[in-house]
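Peer 1: The chain contents come next:
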Amino acid sequence: MASTKKTEVGAAPDPAASLRRQRVRWGEKLIFVVLVLCALVSVVTTIGIVVALVSPTIDFFQQVPIWRFFSTEEWAPTFEPAMFGVWPVVVGTFNVTFWALVIAVPCGLGAAIFMSEYASERVRKVVKPTLEVLEGIPTVAYGFFALTFVTPLLRDNWPSFLGEPPGIFSAGSAGIVLGIMIIPTVASIAEDAMHSVPNSLRQGAYALGSTKRQVALKVVVPAALSGIVAAFVLGISRAVGETMVVLLAAGNTPNLTISPVESIQTMTAFIANTATGDIGVGTLKYNTIFAVGSLLFIITFTMNYFAARVVRRYREAYD
Amino acid sequence: MGTLRRSQQGTVDAAGAAVRQGLTGDGSRVEPIKGYIFVGFLVLSIVLGIAMLLTLVVDSIIEGAPFLRWNPLVTGVPSSIPSEAGLWVAIVGTFWVIGLMIITVVPLAVGAAIYLEEYADGDRWYNRAIELNIQNLAAVPSIVFGILGLGMIVRGGLSLGPVVYAGSLTLALLVLPTVILASREALRAVPPSHRLGAMALGSTKWQAIWRNVLPAAIPGIATGSILATARAIGETAPLLLIGATVFITFTPEGPLSEGYTTLPVQIFSWATRPQEEFRTLSAASIVVLLAVLLIINAFAIWIRNHYTKKQQA
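Protein sequence lines correspond, in order, to chains A and B.
Per numbering that gives the first Met the number 0, the first sequence starts with residue 0, numbered consecutively.
Per numbering that gives the first Met the number 0, the second sequence starts with residue 0, numbered consecutively.
Bound-form chain B, shown alone (with noise of 0.2 Å):
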């Protein structure tokens, strides 16, 4: 019925009814019933996901609480008795894998991300090439990095050992691709005025870009390299095949020392041991985990929003 209505109307001034007609459902019973079935589906969906996040963070918190306790679960060192066990030993992995992934990734993200956006002439093969690259490293399998750590640097190659600095080269090659792509976009985000302005008054290109461009970019470069850190805090995978230890009880002392676990890889293989009260701490652990994501996370956002009303002050 609907459609021969419309056909009858079918003159140029009757557009604009039909458009309405078209955005408030064309008459049909049927429809509108449809529409709202459809609308219903997409919205299940999206909650779906966002049901999953909070029954997740919500059962970690339901399980872990019997050892949800600053002292031992923060400060102490991993035991058989799990009621005395504590991360601090994965912390302070952590904080070293992590550390020393950051000052090894950062310069080499920013100087390829300088590389391709202030100098690099985009129709030339090999810049096509390189950046094609890094599309496809940013999609290769974090295990595939593992695997890369394993041959190349533990062993082969490099030959470092199953030490620190293995797991942050490791992790430093598997976020390089997201770190690039968030200065880039960082970079490209700074006007061309700054670049031009500079030179004008005769600075030479790399004193543009490292007094203006990359002054102007560091918020955002920032914030992509604390998103990268979040994530390689939650990998395991790459860090079980280069020699992250699953049970120790001191802390690294150095770069190049061995033995060492992160939080990740310490939830990971309590949660593997069959006894229930492991499990209990491997869940009190996640929260912790995710204590300390939600930190970095926030504190990007802090960043990107302290400076973003700065500039535009």
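Just chain A, with the same shape it has in the complex (with noise of 0.2 Å):
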């Protein structure tokens, strides 16, 4: 085939003819197939994701119906007699995703309207990279962190009109380390949303007399509200998602209680700490890690999706 259209080429000598491609570049072809196969890794690993929760999943609920995994309050999977009340483990994981955004949404915010609206080049270049470090530091080490130094400051320190101290293991030390851990992620992404609102907006707020700070809160965060709400969000995705930290310092309790001097277990820490341990395959013990999985994928999946969403329509709003 490539050679007949040779020899057409050849025969007429149209001068646009020679620019057209010759012969099927055979080589090409295969490095395009090769490359489309690397980019749909991803989609597999999605696709893995997935499979790999739903199966063992589906086996679990055959033999805990559903009902009674949302219905009941009592989460005692490894004990005889077995419980499968969920609430306990999610509650914990929320109550330490509470205690994090105490920090994390003050902070993150102030830190972003510091940078976008603040600071100067030089400051930045300084402030944006030790934020990054923060952000690189293993969660092994931020863990150790809560349960040898954070815990024992706020034991130390606890003011008497709080009640009793927290224990050995808290949700709330989890929850404050949990919550700096964060604040570089929310910063960033607010910080993003700021610096993409018009500079008109501001010059026109200044033109009608506003300070500094009135043009940083009645006039920037307003505007990239939506940004800086899925900045939240995904802080709030992160935290659910972490399991060192609250795997080290939260315990391994699943108490049903949002106090943050208590100890608890999250879904993350249960799962770590069940996976660790010997187990059989196709057990209902295995299949529970599976399906606390999946409900931990869906409710970050479910997060990280809407902040997606809202990022990129507010994004197309000022571009």
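Among the hints, erroneous ones may be present.
Restricting the straight-line Cα-Cα distance to at most 30 Å, the calculated cross-link-like pairs of lysine-lysine (BS3-like) are [as the list claims (entries may be wrong)]:
(1) A:Lys211 with B:Lys33
(2) B:Lys33 with A:Lys127
(3) B:Lys204 with A:Lys28
(4) B:Lys33 with A:Lys124
(5) A:Lys124 with A:Lys211
(6) A:Lys217 with B:Lys33
(7) A:Lys127 with A:Lys217
(8) A:Lys127 with A:Lys211
(9) A:Lys124 with A:Lys217
Here chain B is said to cover these stretches of chain A; the calculated rule only asks that three of the stretch's residues, wherever they fall, bring their Cβ under 8 Å from a Cβ of chain B [said to hold, decoys possible]:
(10) 26-32
(11) 39-51
(12) 123-134
FYI, nobody ran anything at the bench for these hints, they're computed from the structure.
This structure is a prediction, so every number in the text was calculated from the model and none was measured.
The beta-carbon is built from N, C-alpha and C at its ideal position, and this holds for glycine as well.
Once you've looked at the hints, go ahead and assemble the two chains, each given alone in its own frame, into the complex.
Peer 2: Written out as structure tokens, the structure is:
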């Protein structure tokens, strides 16, 4: 086929024809296929995650009715008799996440406003990489820090009007460290959002006599609000999915409580804690890991999806 | 009062004065104070993060000080006697797991990045789906990758067993989105003239990419890959699920040997021991881990600076 094309071109010396591809380049095609396959690995990974989660989860719900999973309040899947009410680990997760947000929302937003509206180029050049370093510290180091520094600090300085001091393992201590850990995530996304607020809005506000603080709080923050909300949602999603800090510092007691001083278990800590023991494939215990994993995946995926949608829609609004 | 004055000035000519006034505060006595308090709060919120970073490092050094010696902390093997225990097995294990991870992830990520940047038509739904998928994958909690490794790589699907390469592959999939995004940015930064020039001289699309675009993008790709490597070195949770062992005294022999551990897994296992001395050991090991990460990050920054200078010269 290629050769007939060649003779055709040779027979009719059309100057435009010589620029046309004369034969199929199989090497180029092959490379293209290889590159497509590389790009598909990420899709296969997602499918792999879903498949890995679904089948043991179905097995799990065949043995434990779904209503018992969501309506009872006792979580003791590794004990006899086993109890499968998932709420204690879900509430435990959001307990820690709540205390993380108490730290990360004001500090993340404050850091973002500072970097976007106040900091000079020189200060930004120092602060941004420092926050990135903060993001790069291994979570196991944060967990150890929560356990051996923050918890004793809280226990020794606990004001008596707040009641009982936190135990050796506490949701609050893990939450505080987790909160500081996600400040860079929240700050950098929120800053991106504020950065893309057009300058004309700021200038307009200044022209009307606003102070710098008023411009930041009453013009830039509202204008970037959807991006800021997305930053918070992504921060929550990171806190919900984080394992090592809660595994080391929050204890492993599934308690249905929102108190920061008590020991709790999160979904991630349950998974890590159970999977490290010796467990047979296909046992109920093994399947429980995947059922909780599915719940965790659905929660974080939903949050990420909405955050990504908000960010995209909002970007389009100003570009 | 301020408002009244402004409305009296309300002409276009006065706009400049109003801007200046806005920038310096509007003359009310409370407003500047509010401004200072606000800036104070902003600075405090940044300082909290940075102070935490410093405290974490200093606290690890102080707590780990009694065990911060080259021998046996770096050269020793795990032992039930804390003062004799060392990280050698974990260091070699980390080296194996991360080395194999790099070999796995870099070709895949660069291939995917080349496809998305150089070939894919971004308006097609399937290419958009791939991009969206990569973004979503980047935000999946690391422990879910551990579940993927447990359900599909160690058991099920690939059934490799709890071997070194199962750890490498799981971490490779974990950092894949990060490396793809970094590589795409590096490719995007190569000016179109490189491609057009090569193709004008008669090279094929792939020749232009392989001989012109890719060499120019390598510093960016390398920096992104090294930073992703640093992140992978610190990962603990997925490895706990897929069989990184917490107590072994021998180093792995190859990609398919069973029984390995990495630095963060070792730190975690020591941190959970009840004895105070193991906590000290754990703190000393964190210092070692942070030192390793510092060196790797410094290397990444050095590459970036080195090549940016070269390209400008």
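Peer 1: All hints are to be evaluated individually against the structure, with a verdict given for each.
Peer 2: Tested hints:
1. A:Lys211 with B:Lys33: 11 Å, holds
2. B:Lys33 with A:Lys127: Distance ~26 Å between lysine 33 (chain B) and lysine 127 (chain A) Cα, so the pair holds.
3. B:Lys204 with A:Lys28: Given that 30 Å is the threshold and the Cα spacing comes to 11 Å, the pair holds.
4. B:Lys33 with A:Lys124: 27 Å, holds
5. A:Lys124 with A:Lys211: Distance ~22 Å between lysine 124 (chain A) and lysine 211 (chain A) Cα, so the pair holds.
6. A:Lys217 with B:Lys33: Given pair lysine 217 (chain A), lysine 33 (chain B) holds - Cα atoms ~14 Å apart, limit 30 Å.
7. A:Lys127 with A:Lys217: With a Cα-Cα distance of about 25 Å, the restraint between lysine 127 (chain A) and lysine 217 (chain A) holds, given a limit of 30 Å.
8. A:Lys127 with A:Lys211: 22 Å, holds
9. A:Lys124 with A:Lys217: Holds - the C-alpha atoms of lysine 217 (chain A) and lysine 124 (chain A) are around 26 Å apart, at most 30 Å.
10. 26-32: The restraint on the segment 26-32 of chain A holds, since 4 of its residues have a Cβ under 8 Å from chain B and three suffice.
11. 39-51: This one holds; 10 residues, not fewer than the three required, reach chain B with a Cβ under 8 Å.
12. 123-134: That given contact holds, which follows from 5 residues of the segment 123-134 of chain A lying within Cβ reach (below 8 Å) of chain B.
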